[in-house]
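With the hints as extra help, turn the sequences into a complete structure.
Counted from 1, the sequence shown has number 40 at position 41 by numbering that gives the first Met the number 0; the numbering is strictly sequential.
Since the hints were made in silico from the structure, they are not lab data.
Glycine included, C-beta positions come from ideal geometry on N, C-alpha and C.
Please note that a few of the clues may not be correct.
Claimed, not checked - Quick list of the computed label-pair ranges, beta carbon to beta carbon: (1) Leu69 / Val106: 24 to 30 Å; (2) Thr96 / Gly32: 20 to 26 Å; (3) Leu69 / Phe21: 47 to 53 Å; (4) Leu24 / Thr72: 40 to 46 Å; (5) Ala88 / Gly25: 14 to 20 Å; (6) Thr44 / Ile84: 45 to 51 Å; (7) Arg70 / Leu16: 48 to 54 Å; (8) Leu50 / Ala3: 36 to 42 Å; (9) Ser74 / Asn31: 29 to 35 Å; (10) Val28 / Val77: 34 to 40 Å.
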Amino acid sequence: MRVAVWLVPSLAVASLLVVGSFGLLGLLVALNGVSEARGGPLVITYLVLLLATIVFALWASRWSFQRLTLRTTWSLWVRAPIAIIATVALATAILVTGFFVLVLLGVS
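Dropping the structure here:
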């Protein structure tokens, strides 16, 4: 059980780093042709958003796993994926929204 409390946030962050790296690649492709003076702050803003989302994912995955442990009698093999998937889905939605806002700011 103690291992799962640390493993769940680690897996959530690893998944979020994969999603965030694809988002960064997409942002760099979308901002191709935009001046460095305009595109640089947008990339830095995305990286700050990614860092904030990772901190959120660490807290949220651990909190949701502990809540599921206290309130349900489900197996560890059910609680851990629910905590990871829910956290990564919410964090991905935040990153995708930020991605589209930054792309719209960059190309407008």
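Given the hint of 29 to 35 Å, is the C-beta distance from Ser74 to Asn31 inside that range or not? Hint violated: Cβ distance 48 Å, outside 29 to 35 Å.
Just tell me: holds or violated, for the beta carbon distance of Arg70 and Leu16 against 48 to 54 Å? 29 Å, violated
Between Leu24 and Thr72, is the Cβ distance one that fits in 40 to 46 Å? 42 Å, holds
Determine whether the Cβ-Cβ distance between Leu50 and Ala3 falls within the hinted range of 36 to 42 Å. Between Leu50 and Ala3, where Cβ atoms are some 25 Å apart, the hint is violated.
20 to 26 Å as the expected CB spacing between Gly32 and Thr96, which holds or is violated: 23 Å, holds
So does Leu69 sit 24 to 30 Å from Val106, Cβ to Cβ? Given a distance of about 47 Å, which is not inside 24 to 30 Å, the answer is violated.
If you check the beta carbons of Leu69 and Phe21, does the distance land in 47 to 53 Å? 34 Å, violated
For Val28 and Val77, compare the CB-CB distance with the range 34 to 40 Å and indicate the outcome. 38 Å, holds
Cβ-Cβ distance between Ala88 and Gly25: within 14 to 20 Å? 18 Å, holds
Between Thr44 and Ile84, is the Cβ distance one that fits in 45 to 51 Å? Because 27 Å falls outside the window, the suggested range is violated.
In the structure shown, a violation is registered for the earlier hints numbered 1, 3, 6, 7, 8, 9, in ascending order.
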